[in-house]
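Generate coordinates for the entire structure from the input sequences, incorporating the hints supplied.
The lines below spell out each chain.
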Amino acid sequence: MADEPLVLGIETSCDETGVGIVRGTTLLADAIASSVDTHARFGGVVPEIASRAHLEAMVPTIERALKDAGVSARDLDGIAVTAGPGLAGALLVGVSAAKAYAYALGKPLYGVNHLASHICVDQLEHGPLPEPTMALLVSGGHSSLLLAPDITADVRPMGATIDDAAGEAFDKIARVLDLGFPGGPVIDRLAKEGDPKAIAFPRGLSGSRDPAYDFSFSGLKTAVARWIEAKRAAGEEVPVRDVAASFQEAVVDVLTRKAVRACKDEGVDHLMIGGGVAANSRLRALAEERCERAGVRLRVPRPKLCTDNGAMVAALGAEMVARGRPASDWELSADSSLPVTDPHVPGAPDHDHVHEVSKDNLYS
Amino acid sequence: MDTATPAVTAALHDGTSVVAASSRVDARRHGELLLPAVDRVLAEAGVKIDAVTGVVVGVGPGPYTGLRVGLVTAATFASALGVPVHGVCTLDGLAYEAGLDEPFVVATDARRKEVYWARYENARTRATDAAVDRPAEIAEQVAGLPAVGAGALLYPETFPDARGPEHVSAAALAALAAEKLEAGGEFLPPQPLYLRRPDAQVPKNYKVVTPK
Ligand SMILES: [Zn+2]
Chain A
-8 MADEPLVLGI ETSCDETGVG IVRGTTLLAD AIASSVDTHA RFGGVVPEIA
42 SRAHLEAMVP TIERALKDAG VSARDLDGIA VTAGPGLAGA LLVGVSAAKA
92 YAYALGKPLY GVNHLASHIC VDQLEHGPLP EPTMALLVSG GHSSLLLAPD
142 ITADVRPMGA TIDDAAGEAF DKIARVLDLG FPGGPVIDRL AKEGDPKAIA
192 FPRGLSGSRD PAYDFSFSGL KTAVARWIEA KRAAGEEVPV RDVAASFQEA
242 VVDVLTRKAV RACKDEGVDH LMIGGGVAAN SRLRALAEER CERAGVRLRV
292 PRPKLCTDNG AMVAALGAEM VARGRPASDW ELSADSSLPV TDPHVPGAPD
342 HDHVHEVSKD NLYS
Chain B
1363 MDTATPAVTA ALHDGTSVVA ASSRVDARRH GELLLPAVDR VLAEAGVKID
1413 AVTGVVVGVG PGPYTGLRVG LVTAATFASA LGVPVHGVCT LDGLAYEAGL
1463 DEPFVVATDA RRKEVYWARY ENARTRATDA AVDRPAEIAE QVAGLPAVGA
1513 GALLYPETFP DARGPEHVSA AALAALAAEK LEAGGEFLPP QPLYLRRPDA
1563 QVPKNYKVVT PK
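Protein chains in written order, with the numbering used here: chain A, -8 to 355; chain B, 1363 to 1574.
Check before you lean on any hint, since a few could be wrong.
[Unchecked claim] Facing chain A, according to a computed beta carbon distance under 8 Å, are these residues of chain B, among others: (1) D1376; (2) S1385; (3) T1427; (4) V1434; (5) F1439.
No lab work stands behind these hints: they were computed from the structure.
As the structure is a computational prediction, the values presented were derived from the model and not from experiment.
For each residue, glycine too, the CB sits at the ideal point set by N, CA and C.
Okay, structure coming up:
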């Protein structure tokens, strides 16, 4: 069992209820229930609505994942769950569910980090992660550059956004252009028909004295909104496709330049890109181009594995089991600001014997 | 189990009586405390987990975040064991525990200066649907009645005859459910009684993670 553990993963950090099942680095099931449509009319994720939806979807999504994978819950080697970071109330539903499920089945529980899971999911696509791996995580909730010498134990922050997440900028610009929510896919689509060089939007934190690996998208967001508003005020038509293309270019230019530079500076020859924005076609293309020039191997999972899902949590959980990392306690709590440096939340060592006693009592 | 009030409470009932119970009052730590409470009652009773034939959960009304802990725990626990999960109104559990044989009111703290409440004919018979209101607005409907629960104790102007129990106990909930099962009574679906619409405000910068 140690090499190819069978693990079920639960993800509820935002608006997707995800339950995935993996065997080692092989994906067996990736069941998702999303409340994104409910949030659309609010132009963003409403935490209470997301939490209510997680509760409703939890058991059906677990059952669907087991059915898709064709495995029995009794055969699982462990249950993994996103312990953080994310929306507190949403995380709590998943953590509570995972604890009860693991407990009732007599399986070890692994509370894992959402960001480390976004990186680890690539094992399901491209096999074991090279060590170290540089990872660029970009979504509506995060924009981070992370160095991962060991995804189960050692993840180091290189840089992060100092204001908005990249995906948030896409949502905001889509809102300004009346394109609906979420903004990423529609801007990507329109940008393909626009000229990325039409408008020179600013590249945040790109000066020689700026932090090398941090990001800032707030200024860009404001600049684009102002540019659009000026056009409208002048009674001119807004060239939506050119705005989309030029805005998107500004975002992906900074993201890829900094990521590739971090690889070079650290002597890392693999770059992994994950998170919802990794589905962006221009980000993929530009990263490919720049990585090739720099001699860096690029690894980007398929879009469905880039957005939040349970498979990524299962992938990291399986790695925890395979490497013999300690399981979490039944007291495990949801931590909305779990530091990226904690790939998982191990239990207190002095608690172990207590569980062993009750385990004999309960399951033998 | 029940997490609709500040009490995190679990109990094991064998069809005849409560064999183990655990309650802790900590409104902020439902998520951390519930499963250890379940573990404690099973271990204390010395019962193997496969012996559990059903799960009873308080469906509220109660403050949402804590309430969901009990419901999702009960649902996944029951799903893993392949046993049914029965919903019981949390106020009914309190009423049962109060044991009064006359008309009375159960009121719990709904925060935001409101109470979750219902009127009862006696300990086993609820007379009104659970509702959420400001105490002053229901003063006439509860006038002259004894009242139990933290919501009653919090607002003595509306509930001059307030008394305990303050919070629900899973022991009472389980005993009530055992009676119902025996009598073939009906349960509620294991879904939360929120009684309020979600606050639809999009927070700024949700889920932003800034390591450093
Ligand atoms: Zn994410």
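Cross-check of the supplied hints:
The beta carbon of D1376(B) is not positioned within 8 Å of any beta carbon in chain A (closest approach about 16 Å), and the interface hint is therefore violated. Against a cut-off of 8 Å between C-beta atoms, the interface hint on S1385(B) is violated, since the closest Cβ of chain A lies about 17 Å away. Evaluation of the T1427(B) hint against chain A yields a held restraint, the C-beta minimum of about 5 Å falling below 8 Å. Evaluation of the V1434(B) hint against chain A yields a held restraint, the C-beta minimum of about 5 Å falling below 8 Å.
Because the closest C-beta pair between F1439(B) and chain A is about 4 Å apart, less than 8 Å, the hint holds.
Of the hints listed earlier, those the structure fails to meet are numbers 1 and 2, in rising order.
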